[in-house]
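Chains A, B and C, in that order, are what the protein sequence lines are. Here the numbering used here is used: the first residue of the first sequence is 1, the next is one more, and so on. Here the numbering used here is used: the first residue of the second sequence is 1001, the next is one more, and so on. Here the numbering used here is used: the first residue of the third sequence is 2001, the next is one more, and so on.
FYI, nobody ran anything at the bench for these hints, they're computed from the structure. This structure is a prediction, so every number in the text was calculated from the model and none was measured. Glycine included, each C-beta is placed from N, C-alpha and C at the ideal position. Hints are supplied without guarantee of correctness; some may be wrong.
Claimed, not checked - Partner residues are not named here, just some residues of chain C that face chain A (Cβ under 8 Å, in silico):
| id | residue |
| --- | --- |
| 1 | G2139 |
| 2 | H2143 |
| 3 | L2262 |
| 4 | M2325 |
| 5 | V2477 |
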Amino acid sequence: MGLVLLCVIWLITIASTYFFVAKTWWLPHGVSAAAAGIDHQFAITFVIMGVVFVAAQMTLGYLVWKYRANGSSGRAGYSHGNTKLEIIWTTLTVILFIGLNLIGSPIWAAERFRPAVDGATRVEVTGMQFAWYFRYPGPDGRFGATRPELEDASAGGEGALGLDAKDPFSKDDVITGVMEVPVNREVEVILRAHDVIHSFFVPSLRFKQDAVPGLAIHMHFTPVETGDYEIACAELCGLGHYKMHGIVKVVSQSEFDQWLAAREADKQ
Amino acid sequence: MATFTPAVSEPPVASRRRGHNQPPFEGSGDGDRDNPGSPDYASRLRRARLGLGVALTPILMLFVSFTSAYVVRQGLPTLDPETNKVVHDWVSVPLPTALFLINTLVLIASSLTIERARRQLSRQMILQPIEQIPGVRASNEKRFPWLGITILLGLAFLTGQWFAWRELADRGFFVATGPSSSFFYLLTGAHAFHLMGGILALFIAGSTVILRRSLESRQIAVDVTAWYWHFMALLWIYILALLEFAH
Amino acid sequence: MVAQELHGHAAPQGFIRKYVFSLDHKIIGLQYYFLALSAVFVGMFLSLLMRIHLIWPTASLPIVGQINPETYLTLLTMHGTIMVFFVLTTAPQGGFGNYFLPIQIGAPDMAFPVLNMLSFWTTFLAYMVMLSAFFVTGGAPLHGWTGYAPLSALKSSGPGEGLGADLWIISIGVFCIASLMGALNFITTTLDMRARGMTLMRMPLTCWSWFITAILGLLAFGVLLSAGILLLMDRNMGTSFFLPLGTINGQLTGHKGGSPLLWQHLFWFFGHPEVYIAILPGMGVASQVLSTFSRKPIFGYRAMVYAMLAIGLLGFMVWGHHMFMSGMSPYTAFAFSIMTMAIGVPSAIKTFNWLGTLWGGRIRFTAPMLFAIGFVSLFVSGGLSGPFLAQPVLDIQLHDTYFVPAHFHLIMGVAAIFGIFAATYYWFPKMFGRMMNESLARWHFWFSFVGTYAIFMPMHYLGMAGHPRRYSQLTEVAYLRPLIPLQRFITFAAFITIAGQLIFLFNLFWSMRKGKKASDNPWEATTLEWTTATPPPHDNFGGVTPVVHNGPYEYSVPGAPRDYVMQTDPAVVAVH
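Bound-form chain A, shown alone (with noise of 0.2 Å):
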């Protein structure tokens, strides 16, 4: 029994190690700035825990094999255990995991603790069941007012978002049902929801945040490669949660200009 448990905890571990370290399922293409940074957290922590987990579970194998009882082994070594061995243990294990936290911080400070630059491209984000909205705020740069008595999803953009026509700022934004945004200039995305908690999940670009009913909430990224990347809802929305997704569409900074323009054309 020591030998067949052996045998199947190394078997389990060596699988599942293999599927990791092949990348057979891995994470998708990274297409932003803060990509590089995060993929690289990501190995240090993914090769620590694995050495870790390889280390762990091959010992275990190893001591219930190696110590397994047989008619002739007598007694067990009696042994109440080691402070020494704890301290040295506990110690090396508070340095790794702190030392991890602390490695990967300045990527977290570099995302989070700043706001977005002057100049970067703003788009409201905007989740309601069971759709993304996209607001561009226009040539005035200003974000006109919505109020959620106007909301008739039936209208169109500006109805889906409840746009006060009265304000004068909401003439010229640009209401979509696709996120375009120009290459490698940052992208200020205020998120807003009106009904129940969603998020904003694009795994190419490595972003997450909830979108929050009462909260607009502001973070950034840089795109760093064209093309289109998926969005996903990444909070539980309600029924309709599986289908709430988008597609951001990442252009050249010419294309995104003529985009827009036609866009506000179009509102004429």
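Got chain A sorted already, so can you dock chains B and C onto it with the hints?
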């Protein structure tokens, strides 16, 4: 390293099954008239008080949680979509301070009366061995119905709280009128609910006389109820202070 | 209730007093255990339906018919709620703790037997109310076991969010009261009723785990109750504790100014200690069993106690790690993240000490030992995904993906369950006077050990690939389609693993009647329950007070006549 020192005699467990003359458990003695063979009065009192102390902890946590929600909610900004700005919308509810102060005095008075009841019963317990000597009477003091008065004062407090609620309702503040009023009803209501439990405990403690429970059992019941009651009084003072000063 | 009768009297007669409203902690323990057993099969059935729906979304099943997205979410919600509350917070503590805490410390019963009986029946009431949610108009809620507002606070946010959600909240509230009653008993009993010689540092680690778990419950359930009260008020009385200005289905909700994050803070302030409540007794049992069947004292008894105390204390300081992406301040997130890495340390210490216990032992591969060894392996696997999630910068990618269920299922949904299995196989002889069948037990172990790895290890890969949680169908989001084969594998692994649990069920009930008769101490173990008759008499020790002379794990003491020295053995083991 360990040393194993074999004992003299004491046979292995299997034969030590029946018939030893050791008293059953630590701290036990003759028990009392209700439960001969059970732990003695001192152990029972200690255990009951320990149990009460433990029981008061989650009640405290409930109100700590409410307090935390109260403080957070007061300071919470919320998005006004019309202006796209965050605003604070806390408007304090006007408190029925006069009524509250009267109720507080009533509750403090009831704390005093239950404490008299508790001590009266303790004294009876101490004097009990003397009083059991035929023909001896330790004191002529009539047994004053402190417990009954506490119940009346407790009911008076609850009635007073009801009037406080009525006053607020008359001024147009109901549970959902605003966050301040919501917390007003929540905090005072939760306290009143727990106080009702205390009154029930007082009735049960009082009933131990009618049920002819032993003096020890009665004293433990009143003792534990008294401490609970004091806790409820302190809790009320805390809630009052929170509502009056933290807004 | 205060002036409790203890055991100067005879055992009760009559079926109702003896088995229904019993005041005997042993019967009450069994009642809790069987409630949890019922709940775990309900919970497994719900998860089976979930797994089937994920890979065959249009299939029409017998009895339940076709499962639509909202039903899937209901299954998910009730699966989580029933498993966390009525299995993991019930069987280890209410079940085994109730049965064995008094015996292991040498007491004749719990401190307050009437309260104990009430705590079980209150739990039972909570269970009935929870199950009733399935049968009311609209059905059971779909807001997840975490019940985030506003989804849980608005009656029109989805099917099941009407009466079903109210019943869910009420059930949880009643459960809080029941747990608090239980915690009261556990704490008072441990502090006040230990036999002579049973110092705190001679208590078996199971007793320590039940004691610390009770303290956690005492402090945490009051907060959950408060959150539930506020939620009921928002839903039914028009208050706005958690509800901001907003709309639902295009209509104004009528609320304003509240904070959805407040719910999360209150819930997780309870929720994080709750997961330690779920695992600590399992750790206690693992220590007990590993020591018994390695024939060695537990490695570092004191460190094990301090580690559990540290886990309990730190467990109250990490709740924010569930909220890194919630809109909480990033500075606060950093603070919670450091505390969360810190709590990994005592868990690591315990793992080292379990390995240290095995090292140099003479391991006997009994059924309980297999599950204890499995516990260690699964705890390591589940625990090591923690440091990923504890770092907010990585949590950006992994939060609310399958990586999270991988983490918590391996620890709660498997390791803690293995703790329950180990405890069952270990104490079955003492409770029922018969041995469980070893061959069936081994089959059960292999099905469970390999099967649960097959189910939950792949979920890590899904999470890294960005697969969000709580998706009832995988057909809409394009990047999920390549992951469907892996989901299929998981479903088939689930079929096989659940089938394996039927072996356990059969073994349990068959052995109660037909198992080989057990002696008083079939495992040659040292703790107090093994000194008394099998099954124990009404007052646990047959009128005799145990007097304790030794620590709980004196195995293979040099110079002793046998390789174990019982705690009551007056031959003194002096440790240098």
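The hints, checked one at a time:
no., hint, verdict
1, G2139, "violated, 12 Å"
2, H2143, "holds, 7 Å"
3, L2262, "violated, 11 Å"
4, M2325, "holds, 5 Å"
5, V2477, "holds, 5 Å"
The structure fails hints 1, 3 (numbered hints given earlier, in ascending order).
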